[in-house]
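So the protein sequences, as listed, match chains A and B. Residue numbering for the first sequence is 1 to 437, as defined by full-length UniProt numbering. Residue numbering for the second sequence is 1 to 437, as defined by full-length UniProt numbering.
Hints are computed from structural coordinates only; laboratory data are not their basis. Any given hint could turn out to be false.
Which copy? The list can't say, so a pair holds if one copy fits it or any two copies do.
Below 20 Å or equal to it, Euclidean Cα-Cα: the simulated SDA-like pairs (lysine to any residue) are [what the hints assert, rightly or not]:
1. Lys377 / Glu312
2. Lys114 / Gly70
3. Lys114 / Gly3
4. Lys377 / Met231
5. Lys377 / Pro230
6. Lys377 / Arg235
7. Lys377 / Gly313
8. Lys114 / His49
9. Lys114 / Thr2
10. Lys114 / Gly52
Protein chains: 2
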Amino acid sequence: MTGPRINAERLLGRLRTLGNIGRDEGRLTRLAASDSDRAGRDAVVGWMHDAGLEVMVDRIGNLFGIWHAGDANSAPLMLGSHIDTVIDAGIYDGCYGVVGGLEVVQTLREAGVKPDRPVVIAAFTNEEGVRYAPDMMGSLVYAGGLGVAEALATVGTDGTVLGEELARIGYAGPHEPGFLRPHAYLELHIEQGPILDREGVAIGAVENLQGISWQRVTIDGVANHAGTTPMAMRRDAGQAAARVVTFLRDLISQTNAPTVATVGCMAFEPNAINVIPSRAVFTVDLRDPDEDRLRAAEATLARYLESLADAEGVTVVVERLAQFDPVTFDPAIVAAIEAAAAENGLRSRRMTSGAGHDAQMIARLCPAAMIFVPSLKGISHNPREHTQAADLQAGANVLLDVIRKLTHVASGEARSFSQQNSKLGFAYDDSFTKEGI
Amino acid sequence: MTGPRINAERLLGRLRTLGNIGRDEGRLTRLAASDSDRAGRDAVVGWMHDAGLEVMVDRIGNLFGIWHAGDANSAPLMLGSHIDTVIDAGIYDGCYGVVGGLEVVQTLREAGVKPDRPVVIAAFTNEEGVRYAPDMMGSLVYAGGLGVAEALATVGTDGTVLGEELARIGYAGPHEPGFLRPHAYLELHIEQGPILDREGVAIGAVENLQGISWQRVTIDGVANHAGTTPMAMRRDAGQAAARVVTFLRDLISQTNAPTVATVGCMAFEPNAINVIPSRAVFTVDLRDPDEDRLRAAEATLARYLESLADAEGVTVVVERLAQFDPVTFDPAIVAAIEAAAAENGLRSRRMTSGAGHDAQMIARLCPAAMIFVPSLKGISHNPREHTQAADLQAGANVLLDVIRKLTHVASGEARSFSQQNSKLGFAYDDSFTKEGI
Chain A
1 MTGPRINAER LLGRLRTLGN IGRDEGRLTR LAASDSDRAG RDAVVGWMHD AGLEVMVDRI
61 GNLFGIWHAG DANSAPLMLG SHIDTVIDAG IYDGCYGVVG GLEVVQTLRE AGVKPDRPVV
121 IAAFTNEEGV RYAPDMMGSL VYAGGLGVAE ALATVGTDGT VLGEELARIG YAGPHEPGFL
181 RPHAYLELHI EQGPILDREG VAIGAVENLQ GISWQRVTID GVANHAGTTP MAMRRDAGQA
241 AARVVTFLRD LISQTNAPTV ATVGCMAFEP NAINVIPSRA VFTVDLRDPD EDRLRAAEAT
301 LARYLESLAD AEGVTVVVER LAQFDPVTFD PAIVAAIEAA AAENGLRSRR MTSGAGHDAQ
361 MIARLCPAAM IFVPSLKGIS HNPREHTQAA DLQAGANVLL DVIRKLTHVA SGEARSFSQQ
421 NSKLGFAYDD SFTKEGI
Chain B
1 MTGPRINAER LLGRLRTLGN IGRDEGRLTR LAASDSDRAG RDAVVGWMHD AGLEVMVDRI
61 GNLFGIWHAG DANSAPLMLG SHIDTVIDAG IYDGCYGVVG GLEVVQTLRE AGVKPDRPVV
121 IAAFTNEEGV RYAPDMMGSL VYAGGLGVAE ALATVGTDGT VLGEELARIG YAGPHEPGFL
181 RPHAYLELHI EQGPILDREG VAIGAVENLQ GISWQRVTID GVANHAGTTP MAMRRDAGQA
241 AARVVTFLRD LISQTNAPTV ATVGCMAFEP NAINVIPSRA VFTVDLRDPD EDRLRAAEAT
301 LARYLESLAD AEGVTVVVER LAQFDPVTFD PAIVAAIEAA AAENGLRSRR MTSGAGHDAQ
361 MIARLCPAAM IFVPSLKGIS HNPREHTQAA DLQAGANVLL DVIRKLTHVA SGEARSFSQQ
421 NSKLGFAYDD SFTKEGI
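Start from the sequences, fold in the hints, and give me the full structure.
Written out as C-alpha cells, the structure reads:
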C-alpha cells in the first residue's frame, strides 16, 4: 500500500514522554483521576491541539480529540484506548492505542488526506480499574452498560469518590457519555500475551474477545491444632482449596479448548504454621471465546465444589465478581486489518483477545475490532512490558491504512473496500447489541 | 487409692481468676512479659505464698514455687507448665498445669503429707512464642538448649526486647536457668486434640511427643496475564503450590502411620485475580512420633519438590524453620499415671502428644511425662477451648497420686514404685540428652 507513513520518532517520543508522567522512584503509576492522570491527560490534550483536533470531555472523564472531516452529519470513526495504568506499569498498555491513533490522525491531516467522515481519538477513563472498580469503566459507561451517576459515585480503594476526583483534576466534562455514536471503532494495543512474540508475527487481527467469568470462592472448614488432629478428623479449608486449584487445570488439560483458568488470589485463615486452615478464600478467573464452553466450565466447577464440600466436610460459598460475555468483532474490519498487514508486507494472524479492552464495550455501539502488536515474552502490567520500536511503527501504519479503507479515502483499493464496508451496519445490528457485559 | 483429694473449687476458681487477667473486650491475651503477664504472675506468686512455697525467679523469668520438703539435698520433683497465652486464648492451656500443680502441693501440705524430697511448681516463660520466638523458650533455656543472653536479646513482634520487658515487669530474676536440676518432671495439660473427648477417656498417659519439622517453601514461577497466557505456556507458582498441598495429604493417606502434615500458611504474589501467581510461599508442618518416619516423609517431600520444579518450570527453595526430635517420656512415670488413673476409677489410654510442651525441653534434664485431660472437640488456642470441671478435678487428683508415688509417700504401692524409680536415672542418661531441639 502506498500513501502517507506515520512519524515513528514522534510516536515513540510521545510514548516515552507519557511513560515518564507519574513515575516515582522509577515506578510508573498513573491511576485513574489521580494527579498523575491529570498530567498525562494534559499532555494528550496538548498533542490533540497540536494535531488540530477539537478536545471534548464527557461526564465520566472520557477524553475525545475530534477531527472535523468529511460529512459533519456522519457518524465518526473512533480510534482509542486509555492512558490510566496499573501500579508499577509498563509504558505501552493503553497509551499505544491513544498515542498511535493520534499519530495516525496527525499523519493523515499533515498529508492532506480527506476522510469522508469525522475521526475521533478517545482516551477512556479508568480502564485498569485499580483505583475504582469495575475496570473498563469509562467505555462501559459510554456504551450504556453502567449509569454515569452510579459510576461517578464509586468509592476508590483510597476512599476517594471518582466524581470528586475527576472534578478536582479538571476532567469532569459536560457531555453525556455516548454523545458521539461511532460509525466504527478500532483499538490498537499490545497483545499482553506471548503468541505473536513466540510466532514472530507482527500483526494480530483480533477477531473476538474471550468471555470472562470471575468468581470468589470461600471455603470454611474447622481450625484445629496441626499436631494433635489426626488427618482423618480434619476439615481443612486449605486442603480443599488446593484441590480446586489442581482440579481446574486438570479439567482444562483434558481438552483442546482454548479455555484458560487462573487462581490468582489465595488467602488462608488464620494463616498460622501450626493451625489447620479454617478458611480459604480464592478467586477463579475462567475465560473462553465460546460462551457455551465457558458456561459448561463454570457448571463443571460448580458440581466439583458440591462434591468437594461433601468429601471434605467443608462449606463452599461462591460469589460472582464479574461476567463478560465473549465479544465477536466485526469480520469486515478484521479482514481489512489482514489486508492492510499484507499490503505492508507484514505477517498477520487472526487471534482472540485474552484480556478485556475498551473495544469490548464500544462493540455494543458499533462494529469494532482490534489490532495487536507483539509483547515481548507476553509480559504486561509490569515495567518489563516491551514492544520493539519496529513493531510499534508497523502497527500504527496498519491502523493508518485500515482508517483510510474505513473512511473511503480515494484509491482503487479503498473504493472496492467501501462496498464491503456498507454491510457493516447490518452486521452490527445483528451481532453487536449484546447484553450482560 | 485413698488419701487427700484436691480442692476442686479452689482449682477452678484460680483458673477462672487467671482467665480474667489480660482480658480486653472479652478476649483473653496474656503474651509473654507483657503487663498482663505480670498481673498473671503476680496472682500465681500470691497463691504460691498462700501455699507456703518459697518463690524464686531465674534470669529468663521462669517462676518457681518451692516446697522445702524431705531431704534438702535431694533433687526436687518438678511440676509445671506456663501461664502465657496466645492471642484470643482459652483459659486452660498451660494455666491448668501451673494451677493444678499448685493445687496438688497445697493439698498435700494441708494434709500433712511428707514427701521425701522438695517439690517445685514451675511456670516457664514464653511457652507460646507469640510475642518472642521460639516458643517453649523458658524451658528450652532452662534445659540448656538456648543461651540465656541470646534469649534475653530476642526482639519481639512489637519491637520490644525480651530481657528489657522482663526487667520492666519485675520478673528478671537472679538465678541461672537450670539452677534446680529436677529428679523428675510432670506436666498436667489439656490434650489440645480430639482423641480423649471422642473416646470418652478421662486420662491420657502421654508416652511420647511427636517430632516436629517446620519448613517454608517458596516457589517462583512467572507472573503473566490470566487471559492471554495459554495454559501450556504458564509457569504458575500457585498451581505448583496447590500440587504440593494435595500431594502431602495423598502421601500420608497411603499409610497407616500417625504422621500429620499441615499447610497452615499460604500466600500468593502478586495476589491479583487476573495475574498468574509469580510466587507462592507456604509452610509445611510435619509431625511423627517416630524419627525415622519423620525424616522419610521430609525426604519424600524433597524429591517431590524436585520433580515439581522440572514439571512446572518453577524454582523451589526450602528453608527449615524448626526441627524438634521426637521425645520418649519415661516409661515408669507413664505406668504410674496409668496406675493412678485406675486407682481413681478412671479410664486412661497411652497417647502421643501432638503439640509441643515445656515437658519436651525438661525431658532433656530428667525423666518426664505428661498427663492429658480431654479438650472438648479438640479445640485449643481459642476462646472455645473447654475441659469439663470433672475432668479438670480428676486430672489433678491423678497428678496428686502420681506425686505421692514419686516422692515415696508411705504406702505399700509407693514403696514398690520407688524400686522402679531408681532406674530412671539410667534411662535418662541413655535417652534424654537429645540434641537438635
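Checklist entry - Is the C-alpha distance from Lys377 to Gly313 at most 20 Å within one copy, between copies, in both cases, or in neither? => result Cα proximity of Lys377 and Gly313: across copies only (15 Å, versus 42 Å in one copy).
Checklist entry - When no copy is named, should Lys377 and Glu312 be tagged within, between, both, or neither for a Cα gap of at most 20 Å? => result between (40 Å within a copy, 17 Å between copies)
Checklist entry - For Lys377 vs Pro230, is the C-alpha pair at or below 20 Å within one copy, between two copies, both, or neither? => result between (46 Å within a copy, 12 Å between copies)
Checklist entry - Between Lys114 and Gly70, at a C-alpha cutoff of 20 Å, which is it: within one copy, between copies, both, or neither? => result within (7 Å within a copy, 113 Å between copies)
Checklist entry - Between copies, within a copy, both or neither: which fits Lys114 and Thr2 at Cα up to 20 Å? => result Cα proximity of Lys114 and Thr2: one copy only (16 Å, versus 112 Å across).
Checklist entry - How would you classify Lys114 and Gly52 at a CA-CA limit of 20 Å: within, between, both, or neither? => result Within one copy, since 14 Å is at most 20 Å while 106 Å is not.
Checklist entry - Checking Lys377 and Met231: alpha-carbon separation at most 20 Å within a copy, between copies, both or neither? => result between (43 Å within a copy, 15 Å between copies)
Checklist entry - Taking 20 Å as the upper bound on the Cα-Cα distance, should Lys114 and Gly3 be classified as within, between, both, or neither? => result Only inside one copy: Lys114 and Gly3 sit 13 Å apart there, 111 Å across copies, limit 20 Å.
Checklist entry - Is it within, between, both or neither when you check Lys377 against Arg235 at 20 Å Cα-Cα? => result between (41 Å within a copy, 13 Å between copies)
Item to check | Alpha-carbon proximity context of Lys114 and His49, limit 20 Å | outcome: This pair counts as within: shortest intra-copy Cα distance 19 Å, inter-copy 102 Å.
The structure fails none of the hints (numbered hints given earlier).
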